[in-house]
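Residue numbers (the working numbering), protein chains in the order written: chain A, 1049 to 1357; chain B, 1049 to 1357; chain C, 1049 to 1357; chain D, 1049 to 1357.
Check the hints yourself; a few may be wrong.
Stated by the list, open to error - Quick list of in silico lysine-lysine cross-link-like pairs, DSS-like style, CA-CA up to 25 Å:
{"no.": "1", "chain 1": "C", "residue 1": "Lys-1241", "chain 2": "A", "residue 2": "Lys-1085"}
{"no.": "2", "chain 1": "C", "residue 1": "Lys-1192", "chain 2": "D", "residue 2": "Lys-1241"}
{"no.": "3", "chain 1": "D", "residue 1": "Lys-1052", "chain 2": "B", "residue 2": "Lys-1052"}
{"no.": "4", "chain 1": "A", "residue 1": "Lys-1052", "chain 2": "C", "residue 2": "Lys-1192"}
{"no.": "5", "chain 1": "D", "residue 1": "Lys-1321", "chain 2": "B", "residue 2": "Lys-1332"}
{"no.": "6", "chain 1": "C", "residue 1": "Lys-1241", "chain 2": "D", "residue 2": "Lys-1192"}
{"no.": "7", "chain 1": "D", "residue 1": "Lys-1052", "chain 2": "B", "residue 2": "Lys-1192"}
{"no.": "8", "chain 1": "D", "residue 1": "Lys-1332", "chain 2": "B", "residue 2": "Lys-1321"}
{"no.": "9", "chain 1": "C", "residue 1": "Lys-1192", "chain 2": "A", "residue 2": "Lys-1192"}
{"no.": "10", "chain 1": "D", "residue 1": "Lys-1192", "chain 2": "C", "residue 2": "Lys-1214"}
{"no.": "11", "chain 1": "B", "residue 1": "Lys-1332", "chain 2": "D", "residue 2": "Lys-1192"}
{"no.": "12", "chain 1": "C", "residue 1": "Lys-1214", "chain 2": "A", "residue 2": "Lys-1088"}
{"no.": "13", "chain 1": "B", "residue 1": "Lys-1088", "chain 2": "A", "residue 2": "Lys-1192"}
{"no.": "14", "chain 1": "A", "residue 1": "Lys-1214", "chain 2": "B", "residue 2": "Lys-1192"}
{"no.": "15", "chain 1": "C", "residue 1": "Lys-1192", "chain 2": "D", "residue 2": "Lys-1214"}
{"no.": "16", "chain 1": "C", "residue 1": "Lys-1088", "chain 2": "A", "residue 2": "Lys-1332"}
{"no.": "17", "chain 1": "B", "residue 1": "Lys-1115", "chain 2": "B", "residue 2": "Lys-1173"}
{"no.": "18", "chain 1": "A", "residue 1": "Lys-1332", "chain 2": "C", "residue 2": "Lys-1321"}
{"no.": "19", "chain 1": "A", "residue 1": "Lys-1173", "chain 2": "A", "residue 2": "Lys-1159"}
{"no.": "20", "chain 1": "B", "residue 1": "Lys-1332", "chain 2": "D", "residue 2": "Lys-1332"}
{"no.": "21", "chain 1": "C", "residue 1": "Lys-1247", "chain 2": "D", "residue 2": "Lys-1192"}
{"no.": "22", "chain 1": "A", "residue 1": "Lys-1159", "chain 2": "B", "residue 2": "Lys-1159"}
{"no.": "23", "chain 1": "B", "residue 1": "Lys-1085", "chain 2": "D", "residue 2": "Lys-1321"}
{"no.": "24", "chain 1": "B", "residue 1": "Lys-1349", "chain 2": "B", "residue 2": "Lys-1088"}
As the list claims (entries may be wrong) - To list a few chain A residues with every Cβ distance to chain B over 10 Å, as calculated:
{"no.": "25", "residue": "Lys-1077"}
{"no.": "26", "residue": "Asp-1119"}
{"no.": "27", "residue": "Ala-1120"}
{"no.": "28", "residue": "Pro-1126"}
{"no.": "29", "residue": "Ile-1158"}
{"no.": "30", "residue": "Leu-1166"}
{"no.": "31", "residue": "Gln-1210"}
{"no.": "32", "residue": "Lys-1241"}
{"no.": "33", "residue": "Asp-1266"}
{"no.": "34", "residue": "Leu-1314"}
{"no.": "35", "residue": "Lys-1321"}
{"no.": "36", "residue": "Thr-1345"}
To be verified - Non-contacting residues of chain C with respect to chain A, defined by C-beta distances greater than 10 Å in every case (computed):
{"no.": "37", "residue": "Asn-1069"}
{"no.": "38", "residue": "Pro-1248"}
{"no.": "39", "residue": "Asp-1278"}
{"no.": "40", "residue": "Leu-1299"}
Think of the hints as simulated: they come from the structure by calculation, not from any bench. All values derive from a computational prediction rather than experimental measurement. C-beta: ideal position from N, C-alpha, C; glycine also.
4 protein chains.
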Amino acid sequence: MEGKVIITAALSGSATFKANNPAVPYSPKEFADEAEKCLKAGAAMVHIHARDEVLGGFHTSVVEKVKAVYDAIKQRVPDLIVQVTSSVGTPCPVGPFETTDCVNLINNLIKLNMEARLRSIRAIKPESASLNTNTMNFSVLDRKTGVIVIDNVFVNSFGMLQEFGKEMEAMGCRPEAEIYDMGGLDNWFLISKQGIFRKPYNFNFVWGVAGGHKFRPDTFASLVHALPEDSNFTTCAVGTEQYPAIMQSCLMGGHIRIGLEDNTRLPNGEMAKGSYEQVEVAVKVASCLGREPATPTEARKILGIQKKK
Amino acid sequence: MEGKVIITAALSGSATFKANNPAVPYSPKEFADEAEKCLKAGAAMVHIHARDEVLGGFHTSVVEKVKAVYDAIKQRVPDLIVQVTSSVGTPCPVGPFETTDCVNLINNLIKLNMEARLRSIRAIKPESASLNTNTMNFSVLDRKTGVIVIDNVFVNSFGMLQEFGKEMEAMGCRPEAEIYDMGGLDNWFLISKQGIFRKPYNFNFVWGVAGGHKFRPDTFASLVHALPEDSNFTTCAVGTEQYPAIMQSCLMGGHIRIGLEDNTRLPNGEMAKGSYEQVEVAVKVASCLGREPATPTEARKILGIQKKK
Amino acid sequence: MEGKVIITAALSGSATFKANNPAVPYSPKEFADEAEKCLKAGAAMVHIHARDEVLGGFHTSVVEKVKAVYDAIKQRVPDLIVQVTSSVGTPCPVGPFETTDCVNLINNLIKLNMEARLRSIRAIKPESASLNTNTMNFSVLDRKTGVIVIDNVFVNSFGMLQEFGKEMEAMGCRPEAEIYDMGGLDNWFLISKQGIFRKPYNFNFVWGVAGGHKFRPDTFASLVHALPEDSNFTTCAVGTEQYPAIMQSCLMGGHIRIGLEDNTRLPNGEMAKGSYEQVEVAVKVASCLGREPATPTEARKILGIQKKK
Amino acid sequence: MEGKVIITAALSGSATFKANNPAVPYSPKEFADEAEKCLKAGAAMVHIHARDEVLGGFHTSVVEKVKAVYDAIKQRVPDLIVQVTSSVGTPCPVGPFETTDCVNLINNLIKLNMEARLRSIRAIKPESASLNTNTMNFSVLDRKTGVIVIDNVFVNSFGMLQEFGKEMEAMGCRPEAEIYDMGGLDNWFLISKQGIFRKPYNFNFVWGVAGGHKFRPDTFASLVHALPEDSNFTTCAVGTEQYPAIMQSCLMGGHIRIGLEDNTRLPNGEMAKGSYEQVEVAVKVASCLGREPATPTEARKILGIQKKK
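Only chain A is shown next, with the shape it has when bound in the complex:
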């Protein structure tokens, strides 16, 4: 198992649409198709955001929809690890609010958001789920002109980090801590003093979100040096930073996340026919280092995941 690299395919995300790349899956069947291809190509895990194929493919946190995707994949490729995102919640499910008490209002919004984001995790109890560590901007800007296209705030308060972490570990779902900005690791360090997390700790360094840190090799090394003992790390990056970032991770003994959620293209700029084509690139990178893809079973061992029956 030594030297094995865990390849995770992030099949869809929230922001990549069929308009960006027709291979982005919306329906449960499309997810299952993609997942199967990725497993064959070398992935041990898929990371999923459910999409509402009726409502234009927008991401959704409706439990039935998430479960349908999850079940479709599990039925097709039962061995594959399916990691469910905890980033998506209906922004404003109910009202009216007590409008004169602003602090309470905001706390209510955060709480409702938290509940919405946890709902699918609670219903599915997946083997793994993402756990976001940074409150941050999560926006879209024109990278050339700096013009703001969508301006958005992604809230992951310490309270959420605490509750998400506790619930996940309690239900036997291993959290993968998403580090979008250096300080996300320090947030994790602070909250983990409560003894929330089981070893090994699993981290994902995310690069290039408009609101997070950009990929830089020295920052990457700085993060790796700062990791606690008994940690695994993987990485993913938005757009053109994807390929240098996964290489950096792989050559330092880390793992790889790749997929249409992060980047729609292949290294040569061509549209990827699916996340599986990017998995093939990841396998190629690993092979240039003499590393082989971990099977789902090996990945579970490395990440401390117990297989659900």
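Given the structure of chain A, go ahead and fit chains B, C and D onto it with the hints provided.
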């Protein structure tokens, strides 16, 4: 002017109270007293958050109160640069809101917060103001147990970064970009493509907020390497990270921010009698490198600040 | 030409024998065969140490032998850039010495060594030659037990750095500065103040020699940050560090040196059938980043090499 | 003892003369005077190179001379740790050599040099001695013009590293590994696989020698990250890099070496009246971090030194 180090004293902040250190200034006179002592000790600039001495010393964005502090300092020590924070706004000034439209509600809150934070800057038109680059948690946790004491989100959307930057530069107020987490610099890079900022660019690396990055020498170096040309940098850090961080900055040719906002104590753990005592430590650090404190005039030259008549 | 990666194949070295890998070339014809295969595989340059096929394949600085190798390659593949090493000199060409004056004795030895190492460069006037920047141990130790197998000192005094640099640039041969240890770059900086070197400057970071620095991503980044403007960098590494090191270089926009001189094996541990098989790996690495191999013509443009007629 | 900083004063070195700074000690009495002042100022250890006051103050490895210096210090301030250099050997003690066999000749020279360098260590059996890890240039260049003033090679082969290490540990003398260039640490790692060294391991990062690496904060951090467990580190640097380097060490929890061997001046450019004045600066640096100088007893505990009776 070569090698001169600009020492900024952050006199009060929002979170340090007289209960923490009795020398924290609340009244305009107390601010003026502290500012004068800091100038004498070697500071070229003070950074201020106004406090409401009636309402228990809580920070305030009420224009009259901010202006009273500003004027009191300017009257006492007219040469000193006074940097006004743009981080403080009344969280919920008015209501009721349209409660069924949640996205609009949040956008309204952000906009109101932005207006409140800009109000004093617009009224005073100071020579310099802080410009916060990260949306982030800004919380208080027990550093030993990880227990959350206050959980808070600090919103600095790209829209705010854009508007604050434009307004400040337009009124001749030099923004100092506060980098609380690595990605704050990347936010600045993205938005600056609009051509908002004049050279030289001024950055402040902030360390140790519960929600931002912790001070690490390699991360510090990573930030310095990533700076654009024609940049100045200074640094400040919360609590015990303050002294190593300012040393790191000073030995790399950067500047120093220090003061009771960030840390109430001296290096030996004793309570500081005022921010001026920390300025004395900063001067000592600089002297061990053969660097002398910049006068306000020299600081203006370095930072590209035009003195207001 | 943007993004093109220059792949250099180091065909033989001094320390890799047919006993280590039968594909190591000794005879001029073997060199030409290998060079041709490497060009076809994607290399723009070969780096050569001549070997004495009669004397057991030991490296040699005898001009006729070096020239024979050089000419054989040039005849076969005239377009390929042939970089000649300047590291090999007969250790002790003549005697007896004045033995009672030790300092003079050592200086004489160094001078004789320098002359021997420059002899082929002077005779051939190649387009490029290596220029070693570190005096260092250049030994062989058992990596598991620390037992010394061969203990050797590789002298590259400032005087040699100066003379090699001057002569090379004067004859239109572009030096590639070999950085075996961080301080080699600082040696280059010091001596370059004499104005010896033309731009662009070309550096090769060498890793893993028993006597030099080991490959570490943060040290690599530290070197890249420290480079002067208008620099190109490539990298090579001994043994198993070869593949991570070339990846690190390629993902940071640098170039790649590879070949049997540095490592006899492929990433999966199998014996390489020739340096060309490693060139194929380098091409694969580059392709995973969307980079294409530079042709010799493009490489000359990037490195500031004027083609010899 | 937590947080205590060990300050070592390097009283003389080999290359700093009374012409450079009249306070450089030559005679045993001068050494004792300086040592006493340094202890009073806060030093726990002195590092010594004996000088021949008759022969113009040149450094000497003549046992009687070294022992005279050592004894004079020990008599005056018995508690102070005295670290003896192992870098100085008579370059060419005897001849004639077998001149026709060059490799043997060089090996003989290295061996004679090793013997000369160990002689004083063997005679004195000090509590600590320096152990140089890099073969390197050790030259003098005009830093502005790059003109070579003295060109010199400092040989520290793996064989020497092995023999010095073994002998020192065997006689109860703790070696301090001098890292003049990044790869020196890797040399230490390689040879230490023989199991030569006792814990804790003690390292000194040396910066700015013309032949070694220049001080850079990211390289410094890279070294600290690469240290084996149970290591202590200190640092020293030549000339103007001295003060930033010791600050870097102190703020990262390391120790400080300072003294006229490395730099003749104070931070403000004035001539130091003695190494003790630099010790005072080191104490000031430490105090700005809330660290106090270790007493010799505390230093012994930290460094694993057993006091000689």
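Hints, verified against the model:
no.	hint	result
1	C/Lys-1241 / A/Lys-1085	violated, 58 Å
2	C/Lys-1192 / D/Lys-1241	holds, 7 Å
3	D/Lys-1052 / B/Lys-1052	violated, 31 Å
4	A/Lys-1052 / C/Lys-1192	holds, 23 Å
5	D/Lys-1321 / B/Lys-1332	holds, 20 Å
6	C/Lys-1241 / D/Lys-1192	holds, 7 Å
7	D/Lys-1052 / B/Lys-1192	holds, 23 Å
8	D/Lys-1332 / B/Lys-1321	holds, 20 Å
9	C/Lys-1192 / A/Lys-1192	violated, 52 Å
10	D/Lys-1192 / C/Lys-1214	holds, 18 Å
11	B/Lys-1332 / D/Lys-1192	violated, 30 Å
12	C/Lys-1214 / A/Lys-1088	violated, 57 Å
13	B/Lys-1088 / A/Lys-1192	violated, 46 Å
14	A/Lys-1214 / B/Lys-1192	holds, 18 Å
15	C/Lys-1192 / D/Lys-1214	holds, 18 Å
16	C/Lys-1088 / A/Lys-1332	holds, 21 Å
17	B/Lys-1115 / B/Lys-1173	holds, 10 Å
18	A/Lys-1332 / C/Lys-1321	holds, 20 Å
19	A/Lys-1173 / A/Lys-1159	holds, 20 Å
20	B/Lys-1332 / D/Lys-1332	holds, 8 Å
21	C/Lys-1247 / D/Lys-1192	holds, 20 Å
22	A/Lys-1159 / B/Lys-1159	holds, 22 Å
23	B/Lys-1085 / D/Lys-1321	violated, 33 Å
24	B/Lys-1349 / B/Lys-1088	holds, 20 Å
25	Lys-1077	holds, 32 Å
26	Asp-1119	holds, 30 Å
27	Ala-1120	holds, 31 Å
28	Pro-1126	holds, 37 Å
29	Ile-1158	violated, 8 Å
30	Leu-1166	holds, 17 Å
31	Gln-1210	violated, 7 Å
32	Lys-1241	violated, 3 Å
33	Asp-1266	violated, 5 Å
34	Leu-1314	holds, 25 Å
35	Lys-1321	holds, 31 Å
36	Thr-1345	holds, 34 Å
37	Asn-1069	holds, 17 Å
38	Pro-1248	holds, 22 Å
39	Asp-1278	holds, 21 Å
40	Leu-1299	violated, 4 Å
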